[in-house]
Amino acid sequence: MMLRGLWKLTWLEIKIFMREPMGAVGAVVIPVLVFLGAGRIVGSRLEQPTLAASNFIHVGLPVLASLLIAINAVISLVTIISIYREGGILKRLRATPLRPQTILTAHVIVKLILTAATLAVMVLAGKRYYPVGVHAPLFSFTIALLISTWSILSIGFLIASIVPTARFAQLIGGFVMYPMIGFSGLFVPVEVLPPVLRAVARVLPLTYAVALLQGVWNGDAWSAHVGDVAALAVVFVVCTALSTKVFRWE
Amino acid sequence: MRPVIQVSGVRKTYGKTVAVDEVSFEVNDGEIFGLIGPNGAGKTTTMECIEGLRTPDRGSISVLGLDPFRQVYKLQDRIGVQLQQAQLQKRIKVWEAVDLWASLYAKKAIDGERLLEQLGLTDKRNAWFMNLSGGQKQRLFIALALINDPEVVFLDELTTGLDPQSRRAIWDLVRGIRERGKTVFLTTHLMEEAERLCDRVAIIEHGRIIDIDSPDKLVKRHCPERTVVLTTNDPVAEERFRAIPGVEAVNCADFRFTIHGRGDDLVTEVIHCLSENRIRVTDFRTILPNLEDVFLKLTGHSIRE
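Protein chains in written order, with my numbering: chain Z, 1 to 250; chain X, 251 to 555.
Pulled out of the complex, with its shape left as it was, chain X reads as follows (with noise of 0.2 Å):
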């Protein structure tokens, strides 16, 4: 199937300083695709790039087979877009910012008051945009980005500055979307967010992007080590582990054992020692290694430095 977004070899330089460099990657119809990485890392403006927004300096991209550039209007039609930090007129009422932005698009909007309902937004319709909270202020974003019923949605970090709750209350009208066949791109510096969400991911980091794949793939291929902790007072017990293939070190404090090791198997290896040689745990938890530390191994820093 051909690719909904394809974008290739793109820069972007504002001044001197290079925001987007030699960015490329693909995005499937009706997947989730998140680009993720540090604030600044050029997130944003290859988003709006795609978005015809932006003019990228070189470099070519296709959205459902439009030149974001030259048909920008053509495309506005058929995708929806959240952007960061954006605000809508202070004084403007939910239903008259739905009613507007229905009245904009070539396609018959969907029902604009079944989408306030399906975001619980539907008491707060006579609300003006400035007295909504932060998670309100969002859902009505949403629902501007899907009122034109698109076949591509952006969503621009989405869910920063929200409370846990209500985070989690997005993510699930997001996994809504894709449920409704439409393919979703978004951008996020929360690593939770993006493993809970995405099919797929890039990793980008100071305009470049670093690796593509599906969150479970890149853990494999890059942090393939997995710890198990466990608390044993069996004194054979040290000189058992040690003997487990794929197991890399031991430490030992207090009866706790850290066992370091890598590969999949390992977490079975470790039980199937502990039941063959009847050794009692009163403690036992494994440690796998996610997106966080696959960031931290490909660029040598956290996310959040």
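Excised from the complex, chain Z in its bound form (with noise of 0.2 Å):
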């Protein structure tokens, strides 16, 4: 059976994951503590706001802030993935009957149970400070997230799948992820971007993610988003079919 030490191996790296001394703080303590401390600067220093301080604090931030989780668990999957190759431990795992692909989809699954428990504290933590945002419809925002994260998690895979070493993996995750927000539309619409960089937010994955996390906590219906969930799913299955051709496993 292809699923067979699935769950095992899931709950497993869960713990282990965990016991690392920055596991558990770095993943959920530290971005629920940034988005609060961002929000009560901003928020207090705003006594009367404008339009579009008032957006970036109730839709932007949010946004801001979950894509951070998002990108934190794809650095976090490279990362980890490089240290198992590194160390030989994919190649032990792949010396049972275990599937590759099982051994692959558990570390999705921990990061994306990650994504969603970091969130989870986020809106209970913000729900003081944010009660504008409760309202969003976080179910669905939640849903949302995971399907941005499992899209970027591929793109991670690609990046796990082509380089050397761990300290590398790590680099090269961040300089692929973090500029990306910068043309997501986030900041600065896409559609008053020169024709140039226009052309750049259209091809990079994380556009449709944001486009996708603010309809949703603004309370679109999902039917608004289609291409960008398209899109998303486009991301997925392209990084996908090129990390199987070039993973190795040593």
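Heads up, some of the hints might be wrong.
Now the in silico label distances, taken between C-beta atoms and shown as ranges [stated by the list, open to error]:
| # | chain 1 | residue 1 | chain 2 | residue 2 | range |
| --- | --- | --- | --- | --- | --- |
| 1 | Z | 100 | X | 268 | 19 to 29 Å |
| 2 | Z | 248 | X | 399 | 37 to 47 Å |
| 3 | Z | 22 | X | 268 | 39 to 49 Å |
| 4 | Z | 22 | X | 315 | 41 to 51 Å |
| 5 | X | 449 | Z | 248 | 35 to 45 Å |
| 6 | Z | 127 | X | 411 | 53 to 63 Å |
| 7 | Z | 248 | X | 384 | 51 to 61 Å |
| 8 | Z | 203 | X | 321 | 37 to 47 Å |
| 9 | X | 272 | Z | 21 | 44 to 54 Å |
| 10 | Z | 21 | X | 268 | 40 to 50 Å |
Please keep in mind that the hints were generated in silico from the structure rather than gathered at the bench.
Please read all numbers here as calculations on a predicted model, not as lab measurements.
Glycine included, C-beta positions come from ideal geometry on N, C-alpha and C.
Since each chain comes alone in its own frame, lean on the hints to assemble the complex.
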């Protein structure tokens, strides 16, 4: 059976991740603190917020924080896969009846669970500072974030497939992921960018993730974002197909 | 009886480097079979082809009647594997690793706690992998290789990097595996290990197998030389020694004689000569060639070079 060992491995990987000195703190506590801190500072400075500022606090910041959670998950995945490969752990696991896809799926599930958990903590903590945010459709937003994370995790996998060492993997992951936020339409709407940058934005997967997350946060219907979901699905399919071609186990 | 492992005409290249070339051998049921040779000789490549982790360019392999490439999952259900220089997750606990491995196989696993006890790991069952000593890690890997009660166990450079005491303990464990009726296939670059453990060995160098047999027979075939060293001040000794059948040379320095000859009977003949001529000796020892010498003879260099 293909899924034999999947749940045990997933649960084990969660436990192992929590034992890392920076595991739980880095993944859950820090993003939440940054989110709360930023909200508080920006919120208290603007007694009478302008429309743009208010929009940023109520939509932009939650979306940004969520994206950071997703990107953290991706970089963490890239790093873990590289460490496991360098240490021969992937090879050792593969020398059992475990299917390769079971091993990799377990890691993706761990990261998705972590993303959802961090989001939940953030929402609970944010209730105090973001009374408006609570009216956002949290369930739909969580689904949208998981879809986005799933899609950009596949980019992470592609990176993990080709970079040689763990140290390098972390660096590349950061270099690829963070700049994408800049062009994603989160700070500057894609429509007002110069044509060249607009073209860049159109091919970056994060642009579609941002459009989806912002829309869903604002209460758009899913039908308004079929294109975004489709784009994210295409990214997932392409990156996964490429990874299976170039993935190295050792 | 049908051999457990059959390898015939296997070749594997990495780019332009030929790692393994025209390798053929068979491993019988219930024996400890060793693939011995220096680092880089092709031992691990050969083993990993048999385990289904690599695909050879040419040749055929059958393990327990299965094809390691097409039936890799079926095969992995029935074999136990210890890889060279493998690691586990740094913070996985010993019992968690055993528990995970136990859940991966179709067949019901053997009792993990008992296995840990047999391997002397019970008091380490809650320790993280990263905090284990080299010997404890190797014992854990043996546990993982045995958890599915495999029919064939593969051990790649099992004792490399261990101190002599841990090494001896692990040798006892491997003999224990054979006593349970399993077949063991191992690689080593330690000739002493091969001599002490293996029923049969294949000597491999530059990707080719040079000879296969039991360690004793290999020594007999390639190194029939025997040497006796003794000390005596008997004036007629040297003359008598030269007359012994099979003796080829006698050297003497300060009453210390080194008698070179060949054949299993040499030592008996020397003792016979001593008693017949009432030659008193104050020291007597024999130097027998071992696998190390066989390797030197077959390849022209020592295995450590």
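Status of the given 39 to 49 Å range, CB of residue 268(X) versus CB of residue 22(Z):
45 Å, holds
With 44 to 54 Å as the target window, see if residue 272(X) and residue 21(Z) comply at their CB atoms.
At roughly 51 Å between Cβ atoms, residue 21(Z) and residue 272(X) fall inside 44 to 54 Å, so the hint holds.
Within 40 to 50 Å: is that where the Cβ-Cβ distance between residue 21(Z) and residue 268(X) falls?
46 Å, holds
Honestly, do residue 22(Z) and residue 315(X) meet the 41 to 51 Å range at C-beta?
49 Å, holds
Status of the given 51 to 61 Å range, CB of residue 384(X) versus CB of residue 248(Z)
Violated: the Cβ-Cβ distance is about 27 Å, outside 51 to 61 Å.
Regarding residue 127(Z) and residue 411(X), is the given constraint of 53 to 63 Å on their beta-carbon distance met?
Since residue 127(Z) and residue 411(X) have Cβ atoms about 55 Å apart, the given range 53 to 63 Å holds.
Has the hinted range 37 to 47 Å been met by the Cβ atoms of residue 248(Z) and residue 399(X)?
32 Å, violated
Quick one: are residue 203(Z) and residue 321(X) within 37 to 47 Å, going by C-beta?
Holds: the Cβ-Cβ distance is about 43 Å, inside 37 to 47 Å.
Quick one: are residue 100(Z) and residue 268(X) within 19 to 29 Å, going by C-beta?
Given about 28 Å between the Cβ atoms, the range holds.
Is 35 to 45 Å right for how far apart the beta carbons of residue 449(X) and residue 248(Z) are?
Given range 35 to 45 Å: holds, Cβ gap about 37 Å.
Checked against the numbered hints listed earlier, the structure breaks hints 2, 7; every other hint is satisfied.
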